[in-house]
Amino acid sequence: MATISIKEVRKSYGNQEVIHGVSVDVEDGEFIVIVGPSGCGKSTLLRMVAGLERITSGTIEIAGKVVNELEPRERNIAMVFQNYALYPHMTVFDNMAYGLKIMRLPKAEIRARVDKAAAMLQLEPYLQRKPRELSGGQRQRVAMGRALVRDPAAFLFDEPLSNLDAKLRVQMRLEIKQMQRSVGTTSLYVTHDQVEAMTLADRLIVMNQGVAEQVGTPISVYEKPASIFVAGFIGSPAMNLIPAEAQGNGLRLAGGGVVKPRDVALPDAGRKVLLGVRPEHLGVVDGSGGADLAMKVAAVEALGADTLAHGHAQETGETGEMLVARLPGSTRVAVGDTLPLAIGPGMAHVFDAGTGKRI
Amino acid sequence: MAEPVDSMVQNNRGSRLIAHAVLILGILIVAFPIYYTFVASTQSLQTILRPPLPLLPGMEFFDNYGEALFGGVGRIGGVPVSTLLFNTTVVALAIAIGKIAISILSAFAIVFFRFPLRMFFFWAIFVTLMLPVEVRILPTYKVMVDLGLIDTYTGLTLPLMASATATLLFRQFFMTIPGELVEAARVDGAGPMRFFFDILLPLSRTNIAALFVILFIYGWTQYLWPLLVTNRNDMNTIVIGLKKMISFADADTEWHLVMVTCVLAILPPVLVVVLMQRWFVKGLVETEK
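Chain order of the listed sequences is P and B. Last residue of the first sequence? That's 358 in numbering that gives the first Met the number 0, and every number before it is there in order. Last residue of the second sequence? That's 288 in numbering that gives the first Met the number 0, and every number before it is there in order.
The shape of chain B in the complex, shown without the other chains (with noise of 0.2 Å):
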């Protein structure tokens, strides 16, 4: 996208060098921690715990995998990393496919429609960026369990879901579409629910690509909120299943095991990213009118 700025830059061998040198450090001090996690996942337990820990992968890569994923993990309740793989997905993906819904339509009808208190209901929404869920989780929760959703994924995503700062987003976006594109729709006789579909989801589909990466990670990485809401260990997300793996004892811990669970919790994640990297980097630098 952007071309190189040759003249900006000294384009000399040395300054070349000590450039690389920087960005190679900074990526080994990045990606180092990462690495060892990996080599860690694929040691016994006992080496694990007699140190020092080699630096090259070990042997007992299946054996660690097969059994944190399939086996059942002693410390959470014999629950395998898979079911809580499964349902961190499943929550990750709720949270944000219901989120960019929401705040899709929520931001279309404030932008696009004249009705009574329209202002109100968008400061409402905007006010709402002022309570995340920390601060409103005591009243969430007594509504979730008056609710029966305790241990549920309804509990685990729905609280999530209403999101100001996508629905903001939208807006933003929304307003920069010209309304003679919307007149245009209404003399070729679309109707507003056809016109949402036909022509303002298809240009915002890099919005909903940049968002949606966001959101997974969002809703991969929540803690609180799933350690307050679930109960039954086959409920847990993965997150949370790591911590509890975690004994305050070292020799309590199964090291290696934790490690495979580490390297499982990244991947996903890191999957979305990289597959939706070209869409993310789009809708974060082009808006195409």
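This is chain P alone, in the form it adopts within the complex (with noise of 0.2 Å):
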């Protein structure tokens, strides 16, 4: 167990910079889970702290020792694959033990550790069998056994499930979640996918083209997105972004439409900026009167528990953004209704037009 900390950590191939400065500090014990699109660079970052990659300039420490300069074998880390990575020709067991053996520990007390990771995964009636012989969501727990038996000063996740199917997933999800409460180790956990980041993480890293957009707790960062590729990340569907000028207590649309946002602070008179709302805090509001929007509905996506409607609001215009309010499932929508939306309380986000960024 221990804490890592990466400081203005960056990352060229050649002249191309692919990670531009990324700093977090991660407590002892913390699950922190890098999300991004691919090519954010969130894998090479992992790559770095677990001395697969090269670190072009900044410190990575674990534990209080900066690791730049050690192997991966130096470092106490252990690492969980995408395609698990087990060695083909060796038993679950030896698959585990491997590394022990390497550490030249009494072979009871290799036995003993991998004994009792197996029974932390169930994965005792397969000891003897080779991974072809198992499924992959056993060959996942084998990887992640093998990670376990360990005991590392931190666990490494590199996209570790997105070779399960979708049901697997949201298993094998809460076992990691689970399994890295009881043993308590730090982890670093990198996936593309926002429902695993926001489920798993204690905090979360956003990244984007090689800059950490975002550090937060999942809810922080759902609440106040600190950019709009934040806020188009997190959350699904993405959060409507519309086009604005900031004009004294309101803010006028690209329609012509003025919208006036309750519970937010508005920018200067003029600024240019984009309004942000997420689907689900649009509701249908009785009358036109407390509604910021007019949507006209041009589809509709019943899923059961909602109703996603998309459309056009008349306050943007006919060749405004199209947005999507996300109603509850009983509410009864066709196409070329027009719905009186409102924007909840506080749940508007303004961001600079120019700049992305929050204000």
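Quick caveat, the hints were computed from the structure, so don't treat them as lab data. All C-beta atoms, glycine included, are put in the ideal place defined by N, C-alpha and C. Among the hints, erroneous ones may be present.
Using 25 Å as the maximum straight-line C-alpha spacing, the simulated SDA-like pairs for lysine to any residue come out as follows [as the list claims (entries may be wrong)]: (1) P:176 x P:303; (2) B:281 x B:268; (3) P:100 x B:179; (4) P:100 x B:194; (5) P:129 x B:208.
Which residues of chain P face chain B? A few of them, derived with a C-beta cut under 8 Å, are [stated by the list, open to error]: (6) 88; (7) 92; (8) 98.
Make the complex out of the two chains shown on their own, each in a separate frame, by following the hints.
Structure follows, in structure tokens:
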């Protein structure tokens, strides 16, 4: 168990810088999820912590010790790979014991540790099997067992669930979380799946193009996204973003309409902004009195629990952004209806149109 | 392995009979000369020289094989065939094992390490494919003479060991090993040689077995190089010995011993193939990953 401290870490391939100075301090026992679209540098960052990629500049400390120049084995970490990376010619037992054998632990100790991990992961019946005789979920468990037996300073997960089917993924997600809770080992977890990120993380690092756009708890990231990228990436369906201009006590939208969000601090008049509203924070109101937007429904997706209504708001004009509202499943909506929608109090986000940063 | 494809092959009796007849005919054509060699190896020289040769084995089996193996054959300098067999076994094993060891290590270096001039070395190995022993035989011979390696096992085997083909084969196989597996081993704390012995070698065992069979036979049947590099009769390989036994004059050749030597020369490669067939086939068709 240990803290991990990443300070101004950069990575270049030749002249191409792919990580532009990421800093984050991970507390002992914390579960950190690094999330972002493919190519954002999240795996590279994890691999730098693991010691599989060289660090171009900056420092990484594990348990207070700078590990920049250390080999992976000297960093006291364990890693779970996307494709499991089990040794195909070894039994499950040998796969889990391999690292311990290299550490030259006594046989009885290895046996005890593997048995304990196998019990925890329900792998006992499979210890003498080869990886190819196991299902995907079982292989994933073996990969986790291999990390677990080493009792490392930190677990590193590189998209470990992306090869599993949806149902198994949900189950393994819970198991990973439980396992991490019970052993209390500091963990870094890379994923592109925002549901995984939200459910697993103590804190999230949202990465975009080699920059950590926001670091925070899942709820704080959801409630107060630091930029339009984070706003669009976290939450599904993605947040509605409407171009607008600040004006007195409201926001003038492109189509001419004016929206006056409640309980939201507005920027100075004349500033170009983006108004962000999550689909779940748009509610239908009776009559047009309390409505902020009047949306002409162009498409309806009934999901059962929710109904997603897509359409253009009159305030944004026919050519404006397509909006999405997530309404209760009981709402009856038909294409062609005009819905009077209100933005929940305090639920509007205002971003600078130029920098994309939250105001 | 492959399931029978019923729909493709007419499953009626007639066509099956024809198919079997063709196959049996093929086997007869291939196997009869070998059988005839065996028959001849059990006859006395007089019987062989007075045609027709009987179709059934004669009574001289123990005499002929005993004389050839342990007695010493006149035309090859009184060396018994057992010495030739021993020489050939040493040569074939050394070539097969040496080639595999060298090529697996060089492929390991080329695939898993980044060092200066890596691609140069790869291409240098590749280019040697164009220089088989026959092409470089004179300079190689000179080097062997200068090093005093004529009539030694080293001289017989060393020039035949460097192998671009096997290096390429191992390189292709190593390239299919996922990078994650290498990284998992690194995280587990395995150094390069540990990774090689614990993971790479076990994964390559079917490839090694297939190569071993091919290279053993390659070494066993070498003719030109052993002919050049050996002068002493007791350093000959069996193929050379066989050639020396046959005289231009028919009556001057001890045909019964030649036939015995033939049978003995065929046996070890056949044994290697039969014993390693399972591995050999696996190595050719299956990739375990």
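Now the hints, each set against the structure:
1. P:176 x P:303: Distance of about 29 Å is beyond 25 Å: violated.
2. B:281 x B:268: holds (19 Å)
3. P:100 x B:179: holds (20 Å)
4. P:100 x B:194: holds (13 Å)
5. P:129 x B:208: holds (21 Å)
6. 88: For residue 88 of chain P, the interface hint holds, since the closest Cβ of chain B sits about 4 Å away, which is under 8 Å.
7. 92: With Cβ-Cβ at 14 Å, over 8 Å, it is violated.
8. 98: Nearest chain B Cβ about 4 Å off; hint holds.
Hint violations for this structure: numbers 1 and 7, all remaining hints satisfied.
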